[in-house]
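Enquirer: Top to bottom, those sequences are chains A and B.
Once you know that position 353 of the first sequence is 352 in numbering that gives the first Met the number 0, the rest is easy, because the numbers rise by one and skip nothing.
Once you know that position 306 of the second sequence is 305 in numbering that gives the first Met the number 0, the rest is easy, because the numbers rise by one and skip nothing.
One thing to keep in mind: the hints can contain errors.
When the alpha-carbon atoms are kept at most 30 Å apart in a straight line, the in silico DSBU-like pairs for lysine-lysine are as follows [unchecked claim]:
| # | chain 1 | residue 1 | chain 2 | residue 2 |
| --- | --- | --- | --- | --- |
| 1 | A | 433 | B | 899 |
| 2 | A | 75 | B | 278 |
| 3 | A | 433 | B | 834 |
| 4 | B | 67 | B | 236 |
| 5 | B | 899 | A | 75 |
| 6 | B | 510 | B | 226 |
Which residues of chain B face chain A? A few of them, derived with a C-beta cut under 8 Å, are [as the list claims (entries may be wrong)]:
| # | residue |
| --- | --- |
| 7 | 497 |
| 8 | 576 |
| 9 | 600 |
| 10 | 730 |
| 11 | 784 |
| 12 | 886 |
Hints in this document: simulated from the structure, not taken from any laboratory.
The beta carbon of each residue, even a glycine, is placed where N, CA and C say it ideally should be.
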Amino acid sequence: MKRINIYMFLALVIGFTACTSIEVDPTLDNDLYQPDVTNIDDVESLLNAAYSGLKQEGAYTGLLMAEGEWPADNLKISPDNTGQGALDHEWDYEESSTNFEDIWTSLYQVNRRANFVIFNAASFSAEEPVRAAALNSEALVVRSLVLYELAKTFGANYSTGEELAVPIVLDPNDIAQQQPRATYNELFTMLRNDLATAIAGLSNTFNPNKASKALAHGILARISLMEGDWNGAVASASSAIAAAPDLATLENYNMMFGENDEDGESIFKIALNPDDIKLNDPYYAEGVGARFDPSGDLVDLVDTADVRYAANFQEINEVLSIFKYRGPESNRGLHEPFVMRTSEMYLIRAEANASLDNDVAALADLDAIRSNRIRGYTSLGESGNALDEAVRVERRIELAYEGFRMSDLRRWGLDVVRTDCTSDECELLRSNTKFVFPIPRAEIFANDNMEQNPGY
Amino acid sequence: MKKLLFTLLTVLCVVGISTAQRTISGNITDTEGLALIGANVVAQGTTIGTITDIDGNFKLDVPQGTNKIEVSYIGYDTQVIDITNESSVKIMLQTGELLKEVVVVGYGEQNKSSITGSVTSISAEKLEARPFASVDQMLQGQAPGLTVLSGSGQPGSNDVSVYLRGPSSILGSNTPIYILDGIQVSSEDFGALNSNDIESISVLKDASSTAIYGASAANGVILITTKKGADGKTSIKYTGQVGFTSLARDNFEMMNSTEKLLFEERAGGGGPGWNLSPKNPANDGLSEAQLAANASELNRLRAINTDWRDIVFRTGRTQQHNISAIGGDDNTNFFVSANYYGEEGVLNGSDFDRGTLRTNWSEQFTDRVKVGIVSSGGVAKSRFVSSENAINLNNPAAMAYLANPYEEVRDTLGEFAFGSAGRNPVEEAFYNYRQENTIKGTGQIFAEIEPIDHFTFVGRYGADYTNTNRKSFTDPDSRLGSTSSQGQAGELSKDVENTLWLTYSNTLNYKNVFSEKHNVDILVGQERRQRTIDNYGFTVYGLEGGLQSPAGATAGSADNPDFITNPTGLVRKKILNSYFSRANYTLDDKYNLTAGFRRDGNSVFGANNQYGNFWNVGASWILSRENFLRDNDVFNFLKVGLSYGTNGNSEGIGERDAQILFTNGDYAGDPAAIPSADNPGNPSLVWEVLKGYNATIDFGLWNDRITGGLAYYRNTTEAQFIDQNLPLSAGVGSLTINAGSMRNTGYEVELAANIVRRKDAYITWGVQFAYNDNEIIDLGQVDEFETGTSIIREGLPLGTHYIEEWGGVDPATGDGLYVDENGNYTNNIGAANPKAIYGTFYAPWTGSTSLDIGYKGFTLSALGNWVYGNTLFNNQTFFQENANFSQFNMSSVMNDIWLKPGDITDQQRIGSPRNFSSKDLEDGSFFRLRNVTIGYDIPTDNNVLGGFSKLSVFVQGGNLMTITNFTGFDPETDNNIATYGFPPSRTLTFGVNANF
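Only chain B is shown next, with the shape it has when bound in the complex (with noise of 0.2 Å):
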């Protein structure tokens, strides 16, 4: 018997040794049984595959050693088969991506089917190679009912307006929060943040799906994930692209040189217009060659037709160049990159640069014991546009279109000319600078214990360091400089500030299944986050020689009063800690039952109000997996899902907002404590309260050929954060109160729609749209208060204008006219009271629609957004349209001013007084073509590109088209009275995609 086994094992081994591969044969088909034609089977780890035939069968030569293959087809989902024991397998791939998507949620991931709230998943494809410096920009148009709003144009800034489902707090901050491989970032960061690296980002909107991130969660959660590594070999990426930005929209027709000096005759104020006129009485007295040589003059001045906007913007240039490697093995995974950006913004004298590292890296040192780092690094410079938004001409985006067109950049001789408001914008970026220098780090280092089976403890602990170096410099030769506030000699000033944030979070997980049915994850955990910001800085006047440092700078003592130096400094701390749970039930893999509780403390409440509890349940059913569903032929997927959640809300209240404070002043040298007049502090200050419900049903109807969900939820916001109106006779005007609540309602709507889905095409439209009502229900003790040109009332949503009400010019005397309450008209804008009537500055309605298009290598995706349904201001025509200003140039509409009686025009005449109204508010609706992407994917599959495993050439367009009424700067603005800030851009790239 021994004698027959070792025969037999040496005949087994023999044979074992010499057979250098074997033959795996197979069949593909789909769920339904229908063959997979062309499906590609791989050896795991190989260059060595197949594809199916026309029966879906295969056969394919496998090395010694190959223990897996890959199998996958366009549509479906890959599927990896151990073949250790097999040598012939029969596949059936499924579709639906639905049903095994893993989304990553609060502190891990799960499942997309057992979700009960809204999630919103946006892929990394839609974040690459896109030419935006900040990933908060890229996320317009991806999330239903999430809306961005691009504030400034300006390369590197990060004045954007993000929220969530509608308005949810009137004084404290409407943003969701940013969580970055677990750790809170703020969004200030994302200008150093390399948006090649995220492998997905996660919209957590309802109550149930960010009740785990509570504090101030309540606004919804922002979920980021960097790349990781994966098994294989490791693969290199490079993409490169350059490109070209311009100004995105041209705006206003402004008068020439004719029209400007006739429109300063008839306006009497000034200017050479009026100043050389002979019908200006202080020329009465003049002689016959005075006349003339006035005369001359003028014409002179007419054919000077200077084109300011050509001076002041510029086509800039763009490149971003990013090279990443991916890989591992079965214990070590690593992601590295490395990434430059660069863009120069439309306005002369603006740009961006940034370079950023990363190393992301994991190793699994036991089957229990998994540790791992996650760490990036990056720089990034800035020059700036100064006085961005301020109506004055130092600021070249009001220039562009303010400055007079017969005054010229310089004179007959050459020199600067400084015109009627002694400001050059050229001038200005010659001699005069602004910078800002960031640079980011931050680390975090992760433990995954598995201590018994079923637990998982995972612990965090993270930090994120921003440093920000800004310096200004005015020449003490310039203009600026020779009026600086100290010594008329030029000031120079440099501000740093360090905010470091620390994060400690630490899980507990229980994850089980009993009886092959029950499913059961349990989630209880800690987290403490503090955030320390510590600012200081200087200005300096009289500055000599040329030198742009503070050694230039002249020192101020008691002879030289003048030049004494303004120090600034503070420092602000704030700490958060939390306890959250979460346990989360499945039946089946049919019913899900989820339900978390969690306590949240800040320290920016007062000592007796610092935690608040919060807690939140939530079910989902899928019904396509039930018996009278299973073989439906039009829902191959049906979940609806309920739930209801109560979050917190401390964002915006400062770190000192619920004290009583004072500040150091002075008086004749002397100290003086200077009781805080702005919102004094209040102790009671306590959390908002955010309560919510949400329904959703998420659907794939005919083999998921169109795939969408819808959402509805209602969402109420107590105990809001309100500035109370104090009378200003008691000496302070405001404080910062909870009281009041507001209620947003509305629905979200995503299809997609894959209209043709083959193995070498494919063609899909997506559309999205949200509508939100928001309605302010109570004020506490006041039915309504004012803000400037809106009104915050109970019964209207926020951001509604209250403005006086326009009533055109009158024909007969040219007066401006304003409607009363009562429908009278009236020259008098005093006796008309001001009117909600106007809508509001929110949009009720968003949405986007995207096109995605393969054939053969080339593919074709664009994305749109829209907004609709707001009212905005118009802030520029009452600079631009508004005799009281004529020094500035003015829009050409005030060539038809009123003149004479039985004139019919909007513009009164000279005299009236131009008042804001709602002749200044315009529809703010918009759709603007965000991104169109044009690629080719060049075959490698030969000896001259054999080395690349993946080659593309693209083009892309950025902002191309935007289409609207709105005759302001831009409609896409955070804020509703903006003047004259930095432009958005239109782009223009070519970029190249490698894979080694």
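Just chain A, same shape as in the assembly (with noise of 0.2 Å):
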């Protein structure tokens, strides 16, 4: 009997102590794995990702081109807002608001992800080094496309290019790295050289939904606006018009806004699934009402028989709404962002001609876009400062609600002025340090070397 326990007994226990281990298989999670970057495939994978980045909110679905849009004055508050934007509409933005950091972080996210694939792509430039340069030359793209978007936002008011702008992050495994903000000068000498080798090794085949040469130089196109270089601009605006699609025609301009979404003159337009965020809904809350309504400054200034006012604007329940990226009847806001049309390079080509005096020139851009808009147009023939007023306002109703507003205003050093206004807050002096937008108060905390702007 006692030999019998005994026996139990220690079958027992070698029996069950023998259970010890604890190692998990690694692949028995399956929604997240670990990255093996074995073939070019694997590379383009990566860059997927980096695309996929640019659909966050804080990116190009709704943050950046509502803090281009909400503080300027081509909207007003609606009666049915319930508080998204309001803040932002009267300039009551903090160095703690969401929303910048929002934006702030998903554009860095981005430029993480286009590292990864700069990192990841020089391996494989001896086995294939065409598809290698051309993966490497679209990542370039891409981060010279966010760093610009950063430094618009972000950066401190441009004068000479010694002012702050944002830090340059290149290493993707560093995670802990404290950047310290590079001026204009530094970052935009940066992007130049990145933008050149990108152009150099991207392929000839245009598609919209990624990063082309087209794409290239119109970024180029967009630094040299902003710094001041006339002459760069108009050479960068007219190479991108050459790689670009036809400018939108009075037939087909509306395809491209409403139900139709089609690419038409997108140079760059990011491709989104029947899931991904409204992207009016800055504006338009659907299913509640109206966030923001057309502000009467900008109605007035668009013609009725204008392809762009059926584009823009809308009676709905008989009050005028805002209808840029209102999308299908089917889907409300499903419409994919543009990121820049080939529109965007003639008003650049325009305005730099104009401050370089050559009126002829810039004349001939703002017809050619004009006379593909308003039905039965003949040129006004306007001429120096009156040119450079016409120049501003094309500008302004062709991007508008596209997010282009607050800086426009900002490199031009105006005021912004609503005299059709539904708020308390219906001036900004261009003085006011409202105009530079806070940089996150995470990344002051975090990052040692950071300096935050102005008045925050």
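Hints given; two lone chains; assemble the complex.
Expert: Quick look at the structure:
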């Protein structure tokens, strides 16, 4: 009896103490995995991740566009507004505002994803030189795009180029690096180099959903415009126009917006899935009502014969509403965001030529746009100061609600003046520190080398 | 000689056989020799008994074959006396539950007197028949140092925050681990556990008592033991109760229609009060008739005063039925039970039903082998309110306050009306629902084998399985359904989660006594636990034809891209393996030494860092057994104890946190490898370590008229899990690391006074309180980091608020003012820096008080608990006292908003920015009368009710009263920035208890 007990006990102990392993099969989890870059297709997946990062709300599906329009003068608060954008519209933002943190975080995440591509593409340049160079170039373009947007949004007021822009971050693996803000000159020198490399390495096939030579030239044009390098702006804009689709015409302009969401004259347009974020959400809350209505200041500038009137405005429940990016009836708000269009290149070239006093060239570009927008248009033949003003007005109408207004007012040194105003705050002087957006508090906190913009 | 013997035997046998019963006599006193009058003496296993007379003497005729008598008296321990060879006995009954009380500790039981650490026991009576769905809610106020905060009143919710001796981890979990019958369970499982099945709960608080549980027991251990069988006739017990639930606290005085319409006119932002106002410049060009029409519409609206609270809240019903049977004989023990619990929540559309079954059985096969099973199964169903805690009007708890009083549920045509925000909670509850069904089964087989004398091997092998099935249906005809993200025709989502815990535990225990004074108890063991979670689900769109199932959805395709289904799923697995040992030496029942060592491994850590080593020592001394105190008049029990130990914590680290991971995405139909951005994984993560000292004094005074204990502790947690804030520009933002340390120092006091202690009457008053001082000692490379409105800073406690100081409203301009660090007032919040002077969210003082009274058959017991010294955010005021949200209803304090220079008020003028500031911080202290129960034992010694061995009725109230200065939603919250959660409910139930 005793012996049986001892054997039973030993058997149990041995049998069960054998289960002491704590190894978990790493392939078990099926939503996360460890990366393994073994071939060039893996590098392409990393590049797709960078593009996918542009779909975040802090990037091109909402906030970047919203913060270019809410604080400006193309819209006014609607009575149905339930709070979104109200504080930004009245310049009540602070270092702790989450909208700016979302923009900063999203764009720098895309920067890191692009860095992963650049980091990994190098190891395949021997075995597949053409494809590796193409992927590397696309990543350089994407990185340049987001760094430009960051500088435009968070950089100090541009004057000589020695002012502080945003930090340059190149290593995707050092997640604790505390980079200081580079100056505009340092940043733009790097971007020009990168874009030149990219232009050499990109293939000539044009895909509006991916980086292309047209996009690279377009970014160079935007940089030149910001620097006041008018000749450079004219050259880059011309190169962009040559590589880009043709200017949209009277017939096909509205196919780009509303129901149809066609590519049209897009130089770069981000591909979305049906369940991605509603692009027009900053302006109109589906199922609830308008957050913001078009401001009479803008509406009065647009001729009702202009195709852009219907693209931008529409009456909903007898009130004029912002219609841009409203999308198809079956899925309101689903609209792929335009990052850059051919029209913008014409406008940059016109503005640069006007600043160089090349009035004839500037007027030609302006007329090219206007004749493709207004039925039965004949040239108004402006020159001198009237031409400068016409360029600004045309840019305001063409790019309305696409996120350009605030930085345009900044570049032109103008105040925000709302004559058709429904809130308490109707004017923001150009000298006001609120013209420059705050660097997020979380960055200031974690990065000892970071310097905040004045006034925050 | 043989003949004589034979005759003698025959005579004796005859005498023996012919005697049907015999008489036992005796005398019963207490330990001082004083006679105990009216003590019960019962022949065990029968109903034959008597009571002692005025001298403590008794005489009892017991039937032949009865070997034992049971002697009992209120306030004294029952004794079972062997009378096989006796017919006259002298019995001394002992008081002092502390001496005899046996407590469940890690892997076994110990006499409470020999414990060197801090353990609080909660007995079954405190947990039975309580109208709460979940056991952890019943722990409030039951053990000093244990803080339990119920975050949601939703029945069946497991949103309960539990921590012991202060928060011990900044980022990791603060929750103690729960062990149910030797197997670890998670608190989410309590929704399916029948609290009437519980025999006792032990709360192990200090490192030396939790050490045997190691592996993540740094936050303390709560041991739950369910009822087991007992020798004796089978007895059946039934408890039933029914009752009502209603809102525990009414908050927030909101404006009525007239006040709100006037406010809209002042705010000038929208709403009918402004749109129809003659002061609105948009109405300047209107004709007389139009102005009159506007005015009469405003009058009509003023007369409507919809009581949204009434529409959204209700009085719910609750009921519970429990039946259990307990019994056994010398070899077999069993306990079986069945239970049904149902509760309707105070918000319309929420309820909870649960049924459970339990079988606990054990069999002593031979005198050395005992085998048993512990098993239970339960099914729980609940319906939930949507959007709990959201600031939108889909959340009925928010709607009750924020909906405008001039809006109505239905319009004049009888259709649902949607008001300014486009929501209607009655319509929402009418069309849409969210359900959760849980099936749970636990099973454990154990064997206790004594292969040779003094050695016992115990093996426990158990499984704990939970299947949770969630369904959320949004009707295409509802308002929410028409705005569905894909297809705008409703959606249906289902989600299934299976969680399986497997535990293997083997221990070998050596117990022996040498020379009658050296008591040795050594335990070694190994335990392996693994948890696998398998979760999958989908969402479908385009519901048609009224089918509330996936069959009614529209399939997604290239032509119908809007209806593409969204699947989700993941599998998570973690394994823990531990080796542990504990040695206990007691000398003379007076001096006790204990020591232990353990080694724990957890698969969540990187391959080189999985194991940690921990150890503990402790000693205690029972002074009251020493000669110099043995006959002391005051102290009948006095014990001091001291312990030190280390323990590890790995809770709060996800299964993949130690790895650098990517996830799948897509762009334009091509695969994308997306690097994890929130917290990319750290292979260097290791165990958090808690090092704690613990000193205790336990005493009994004046023959246990007053009993109590004091404990002092000092716990330091090192290698804390911290989310290191990384610069967002580096692309990630945060990384979990081990850095820094935190200390919790405090004391706990527990006192019970037996004010009256007689046979037919008793009054016992209990007081418990605890003070905890938490300090962050070190944070690694940084001195502080901010997390929203609180700051984690060296030298300050965890949960310290960090916010700008409010300076009142400037009477001249109506601006809101803030105070900067130099004491200057400014109306620009950007110019004032946040301050950390507003105290902490974790309360330093907690306590409870209880009162138990019995007289003849009546009993009254009451328990109240309190929390003191913390500060909470009143997040609701940011929305209710804020002119920017004038589309919602406003608090009535906004009637006094600043209008013209010279107005003195606390509400700044319309147009002055309304920011978060110290204006929204309030004292969070509260006292809550948690439970009052009044019962009556109906006498059963008569012909009508003789079948019952006990019959009682009771009335019980829960959360009856709350005393607090906090004006927010509820001061008992585990979320500092809680908004419009499901409010806690007050209950009133009536019940009956019957034992057969």
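Enquirer: Is the straight-line distance between the alpha-carbon of residue 75 of chain A and that of residue 278 of chain B 30 Å or less?
Expert: holds (20 Å)
Enquirer: Hint validation: residue 600 of chain B versus chain A, beta carbon distance must be below 8 Å. Holds or violated?
Expert: holds (5 Å)
Enquirer: Would you check the hint for residue 433 of chain A and residue 899 of chain B, treating anything up to 30 Å between C-alpha atoms as holding?
Expert: holds (28 Å)
Enquirer: Per the CB criterion, is residue 730 of chain B less than 8 Å away from chain A?
Expert: holds (3 Å)
Enquirer: Given residue 886 of chain B as an interface hint, is its Cβ closer than 8 Å to any Cβ of chain A?
Expert: holds (6 Å)
Enquirer: Residue 433 of chain A and residue 834 of chain B: Cα distance at most 30 Å?
Expert: holds (24 Å)
Enquirer: Run the distance test for residue 899 of chain B versus residue 75 of chain A: straight-line Cα separation, threshold 30 Å.
Expert: holds (27 Å)
Enquirer: Identify whether the interface hint at residue 576 of chain B stands, where standing means a beta carbon of chain A within less than 8 Å of its own.
Expert: holds (5 Å)
Enquirer: Would you check whether residue 497 of chain B satisfies its interface hint, that is, whether its CB is within less than 8 Å of any CB in chain A?
Expert: This hint is violated: residue 497 of chain B lies away from chain A, its Cβ roughly 14 Å from the closest one there, beyond 8 Å.
Enquirer: Hold the hint about residue 784 of chain B up to the distance rule: shortest CB distance to chain A must be less than 8 Å.
Expert: Status holds, d = 7 Å.
Enquirer: Checking one constraint from the list: CA of residue 510 of chain B to CA of residue 226 of chain B, max 30 Å. Satisfied?
Expert: Given pair residue 510 of chain B, residue 226 of chain B holds - Cα atoms ~25 Å apart, limit 30 Å.
Enquirer: Assess, step by step, whether the Cα of residue 67 of chain B is no farther than 30 Å from the Cα of residue 236 of chain B, and give holds or violated.
Expert: holds (25 Å)
In summary, the one numbered hint that this structure violates is 7.
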